[in-house]
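K.L.:
Now for the letters of each chain:
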Amino acid sequence: MTFLEEFNPKHLTLTVESPTFWRVTFNNPPINVIGLEMMRDLKALLTELENNKTVNVVVFDSADPDFYIAHYDVTVDNELAEALPKATDYTAWVDITVRMSKLDAVTVAAIRGITRGAGSELVLAMDMRFASLEKTKLAQVEIALNAVTGGGASGRLPSLVGRGRTMEILLGAEDFDGALAEKYGYVNRALPDAELDEFVSRFARRVSGWDHQAIVEVKEFINKYTRLPDGEYPLHSDAYWAAVSNPEVGATVERLLEKGMQERGPLEYDLATKIGAIAQQR
Amino acid sequence: MTFLEEFNPKHLTLTVESPTFWRVTFNNPPINVIGLEMMRDLKALLTELENNKTVNVVVFDSADPDFYIAHYDVTVDNELAEALPKATDYTAWVDITVRMSKLDAVTVAAIRGITRGAGSELVLAMDMRFASLEKTKLAQVEIALNAVTGGGASGRLPSLVGRGRTMEILLGAEDFDGALAEKYGYVNRALPDAELDEFVSRFARRVSGWDHQAIVEVKEFINKYTRLPDGEYPLHSDAYWAAVSNPEVGATVERLLEKGMQERGPLEYDLATKIGAIAQQR
Amino acid sequence: MTFLEEFNPKHLTLTVESPTFWRVTFNNPPINVIGLEMMRDLKALLTELENNKTVNVVVFDSADPDFYIAHYDVTVDNELAEALPKATDYTAWVDITVRMSKLDAVTVAAIRGITRGAGSELVLAMDMRFASLEKTKLAQVEIALNAVTGGGASGRLPSLVGRGRTMEILLGAEDFDGALAEKYGYVNRALPDAELDEFVSRFARRVSGWDHQAIVEVKEFINKYTRLPDGEYPLHSDAYWAAVSNPEVGATVERLLEKGMQERGPLEYDLATKIGAIAQQR
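Protein chains in written order, with the working numbering: chain P, 5 to 286; chain Y, 5 to 286; chain E, 5 to 286.
The set of hints was computed from the structure by calculation and includes no laboratory data. Please note: incorrect hints may appear among the correct ones.
You can't tell identical chains apart in this list, so a pair holds if it fits in one copy or across any two.
With a straight-line Cα cutoff of 20 angstroms, these simulated SDA-like cross-link-like pairs (lysine to any residue) come out [unchecked claim]:
#1 278 to 236
#2 14 to 81
#3 106 to 217
#4 187 to 34
#5 57 to 213
#6 187 to 246
#7 228 to 242
#8 90 to 19
#9 228 to 268
Given only the sequences and the hints, what does the whole structure look like? Please build it.
P.N.:
Written out as structure tokens, the structure reads:
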């Protein structure tokens, strides 16, 4: 059986636009958190793409116009996550972000909706990001849980937005809308929401027509000059898990869940604004 | 006696907005030059912050709406400056900028008014910069004195504005207003003057609420990927002092002082434009 | 004989605006490709500038308002190109771009018109770039020839536009107009076409007045923090020549020439859009 016959993802959809252009659509209602099944799906996809010499470009979009990826599923059982098949020695999530950042295929995020925490880290691990001007909210809110970003944001933002704006994004933990994300370089460009899909599809179709080996070589040089050594990323993960294993953080997460975290409601729509007050309610 | 009881600064004011949020206001009339007393004040503040495990954020603003920090006081007696207490082996000014760039607390410049030379270097050594859209003039004018920037601008600008714009800022020695400074990444954002104070205060209050240790860890990773090794900065300082020790530069400084440098008048308001012609008047 | 008496360029003009400010105007009708003679001219100019201790700034503009530099002349005889005098062990074109990026004089591109492929690489090797808002089209189209950029674009773009936008420029191979090039940092600034010349001339006159040694020292520090080691660039060149030596690429170039490449006509005006379809017409 080929990969396409075999692949049966639970929380994303794979659309073969052409042999050289694939589309992945995140789809984990109610708000597209990154949970166990989505990680399993992503890891299987990454394994295929690591061996596939045909696919030139993969677009990642969302089935939910309000939530691109809300964040990591805080209810995931860590042992199950770590038991998922992996291709590196890294923790489950870093295994995904590091591998994503090293694929031969060009990875393009088409961001519409809320994209916080691990969602932001996932798009930062892709090669480029296009965002809806009206409907984007990008944020790294980990510091509200007393933690650094565990999947590499502090390693990837500096080469996109520079030192001062990286400080602001990670220490401010606020939402960045499309216009500000573009101004800072957090995304390549913000496009009017009505134009985003056609823009990204046209761009991806164009890239899908190039020679596969040429794409690999172009990316190799850029990666050589812009990627940190892989070994940096486990350090982030270790620091993150050390911080959130503190019982006080566990209590914060409990309070957040009671107030509607991971549900399609006001807390998640406005999480960056509200998380601070809830976290500091001791 | 605690630091707060003991600290009696001459050319700046320290306001304790809360135990975790301090505000430093530069105040050295007539135009906020960085002189001996302000350096003494800054060094005492840095020493405290290097040991303080409570303060999460320090905002630096100015008591003078026209001059944030005009520049280094060209009349400072070097021997006295070097005799000030220091925590590094570096020259007096580099001791300040390097230590500023390494604090645990988040350092935020709220820039309103003229910020040239060492003033620009000081804000570049902070973690982030917000500026008045209408009232900001940022510049590095050292090349008019035949010199490189002595306090690290050429080491810090590249990670904010990239190679080409660093070249333009340091070789053009022109004023950058708020809009252009934002476009280049010289500041994080330029805000309408009427909104600047509230924006920065709100941001700082938010950051002041996070866990101290989490802030330290976030900054540690960002610093690891965006700071040059400390040892680079003495090289800048040596090159600066070698250049300005030339008698021709001394004569230029004399001419500038005769024409109103360090006074609240037309030369200082428009120094970047006028310094070239005066420097080249031989 | 002095250099100025001896220098008799074929495809560019040298104007001595002052002893410290030179202007180079590309002039190789019909569309300013970089051919054998222009490379010979540039190498002679670089040799002079490498030894000249007076010239502080060199502006590079174009005699053709529509084409700044169309691209490399695809009909150049490689053996003749490599036989041109060179100052490095690198291939003919890399010899030019690496040396351009290391001059004592400040190099300023005044971009008006189409600037693709090696044209874009040449301006990326300069210290800064100012562009006509209305008349600029910057692009790296090499991937349409199954190739990486041979003259260093993938090494120089990251420090200007960051990782994500470098990916987009090199993998999308599309035209960037002045506004988008400014937004990304591909150029320092885009100026209204009517203001470009005066802006650049004024800036260059200003820089031309500084102390030569101070310029050298400022550039030395910036270069130290923003230039890749020279040894990276031959790798790009090797990968480029390996790719284009493929007979399939030769056939593509033949088709492009038949359809009007290197002529002043619709294909060259719109090369970035059209090259993909022609390249993929097998």
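K.L.:
Hint by hint, note whether the structure agrees.
P.N.:
Comparing the hints with the structure gives:
1. Neither within a single protomer nor between protomers do residue 278 and residue 236 lie at most 20 angstroms apart by alpha-carbon distance, with minima of 31 angstroms and 42 angstroms respectively.
2. Proximity of residue 14 to residue 81 under the C-alpha cut-off of 20 angstroms is restricted to the intra-copy arrangement: shortest distance 17 angstroms within a copy versus 57 angstroms between copies.
3. Taking the shortest Cα distances, residue 106 and residue 217 sit within 20 angstroms of each other inside one copy (15 angstroms), while across copies they are farther apart (32 angstroms).
4. Neither within a single protomer nor between protomers do residue 187 and residue 34 lie at most 20 angstroms apart by alpha-carbon distance, with minima of 31 angstroms and 36 angstroms respectively.
5. Taking the shortest Cα distances, residue 57 and residue 213 sit within 20 angstroms of each other inside one copy (14 angstroms), while across copies they are farther apart (49 angstroms).
6. When the C-alpha separation of residue 187 and residue 246 is checked against a cutoff of 20 angstroms, the pair qualifies neither within a copy, at 34 angstroms, nor between copies, at 38 angstroms.
7. In this homomeric assembly, residue 228 and residue 242 come within 20 angstroms of each other (Cα to Cα) only across copies, at 16 angstroms, whereas the closest approach inside a single copy is 25 angstroms.
8. Neither within a single protomer nor between protomers do residue 90 and residue 19 lie at most 20 angstroms apart by alpha-carbon distance, with minima of 24 angstroms and 52 angstroms respectively.
9. When the C-alpha separation of residue 228 and residue 268 is checked against a cutoff of 20 angstroms, the pair qualifies neither within a copy, at 41 angstroms, nor between copies, at 38 angstroms.
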